[in-house]
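Colleague: For the protein sequence lines, the chains are A and B, in the order given. Residue numbers for the first sequence follow numbering that gives the first Met the number 0, beginning at 0 and rising by one. Residue numbers for the second sequence follow numbering that gives the first Met the number 0, beginning at 0 and rising by one.
Think of the hints as simulated: they come from the structure by calculation, not from any bench. Just so you know, not all the hints are guaranteed correct.
Stated by the list, open to error - Facing chain B, from chain A, some residues (calculated, C-beta under 7 Å):
1. Phe53
2. Ile232
3. Tyr262
As the structure is a computational prediction, the values presented were derived from the model and not from experiment. No residue lacks a Cβ here, since even glycine has one placed at the ideal position from N, Cα and C.
Listed here are the chains, written in short residue letters.
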Amino acid sequence: MTAPLPRVPFSFARLSVIAGNTVLEAVRQKVFLFFLLLGVVFVLGAQSLLDFNFGGSQLKFIYDLGMGTMLFFGSTLTIATTAQLFFSEIENRTALTLLAKPVWRTEFIFGKFLGVWAVVGVFCALLTGLLISLILWHEHALLREQSGSLAAVAAIPYGDLVTVGLLQWLKFGVLAAITLLIASFSNTNLFTVVMSFVILVICHLQALAHRFYENSENLTRPVRLLVETLARIIPNFQLFNVADQVWAPGGVDGLLALRVGCYALVYILVIGALAVYSFRRREI
Amino acid sequence: MKFSLFLPRWCQTGAVVAVTLAVTGWTTRLLEQPAWQSLQSQEPALRLDSLGGALGQGITVGLLGGLRAIVADFVFIESFTGWEDMDVPTTQTGLKLTTAIDPRPVFFWDQGGSMIAHDMPYWRIEAEGGLNAVSPERVRIIDGEQARIAIDYLQEGLKFHPASIKLYLDLANISQTRLHDLAATAEYYRRAASLSRPSWFCARMYARTLIVLHHERQAYEWLVQLYPRLPKPPGAPGYDKMPKNRPPPDDQVINEAAADTVLELIRELEKQLMIPPDKSFHP
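Chain A with its partners taken away, still in its complex shape (with noise of 0.2 Å):
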């Protein structure tokens, strides 16, 4: 009979090893690169969307298309890569071995989602300099058009072009860690991916929602108990949606965006440990 092997403790070079190896996995796979490349075609392709754009300035277009770019290709990247990357580990075998070391479960996890998270980072660190550059030369070119004159182009806060791309980054964090958590528990990569997916659209949506109910007036007491509760159980993604705020005359409010920031680390904190919870009473 061999001896029970001795309890360690909770080590951060363990997490950002596994952290660091999930960035290399990420990066040899090809879901980055692809949807990094298709990131920036739409953005780039934006220049010739111009001639679609009805409503405001082409510089507003621009900005528009390339967040929306952003936010889609994102989304998607978060949730394909977290799940493939948390399934490669299971049907390769590898999480069996290296949980039978001393390895925490919890390194495990937020190991796996701070790797996404940072190859997540870079991939909207990337698509914001690319939008801003993007902007910045069609100002340029505008300022030539009007001979100079600043008024013709309004003030571009390229500040909070950065810092709607940061809380961007930050709302694909809560996806990350909602995506593990249904891989927590969850047997197949697809089922993984579907859900996350239709989680995304209940995040998106159930601020929308939940104001409709608020607004009916013939909700019966326990029905309108149960929304609320509903609307307190999902995050409300759409607190990230302040890119409209960049052309406000005032831009993006910075306690706002604080606010926005605090929101989201609660979220990511409270669903990864959910996700430890989980995968600790999974069979592997």
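Assemble the complex: chain A is given as a structure, and chain B must be docked to it using the hints.
Modeller: Frame of chain A; chain B shown alone:
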């Protein structure tokens, strides 16, 4: 007795997850509520009532991905297909869907209002056999119906763009040419002339509409209080009384204000109202 004896493991995990998320949700209200209220007050939210079934038609992804601007542009182009085919329901639905997705550009409201009020009556008349086959009474009814739809549409647009002179001009134009309601026309001109950045053209048109409505005294009083505020070129009557601390207005603003035309109108009204010279307006 342990809790785990009563519930299967997946149920326990689910319950713990749900309860923890609910507690987190209630706790983070302190962060969420002020941020959400601030966002809602500054940004036109998606309007669920207008979106209706469209959420299931493949645009959900676009809306959620923040691609509102481009999705709205494409829906607007799509509604143009209806416009080319003179298809009232398709065009009208397309226009409403466009502004439901992205109410921010005034262009959509302005173009949509014009199409509904000015183009669609002809399509409907054409569908009923053309102008020769439709009675003048029926033409009036169709005109009225379409104008009222357009006015409701533009009024909705004003909620998002309360300072848009363009929308007020559209409303005044539709009230005048389609509904022949001069009182409403005058009211829209007055509101456009009372904005913080007023339209001098609308201010003048308000007075002219009042004259057509035989409210000459009211028009005169309006013009007399309007004239001192108008930007004027150097040498024009009342130029000396203009505030000196402001930069001189450019030619375009001076032309739009047309202070000389306003003064002529005041003089004409003084004659009509038989105002004695000692009580006449002296700029």
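Colleague: If a hint holds in the structure, say so; if it doesn't, say that too.
Modeller: Going through the hints against the structure:
Restraint check, Phe53(A) versus chain B: the minimum CB separation of about 5 Å is within 7 Å; hint holds. Interface hint status for Ile232(A): upheld, as the beta-carbon distance to the closest one in chain B is roughly 5 Å, under 7 Å. Below 7 Å, beta-carbon pairs count as interface contacts, and Tyr262(A) has one with chain B at about 5 Å; its hint therefore holds.
Hint check: no violations occur; every hint is consistent with the structure.
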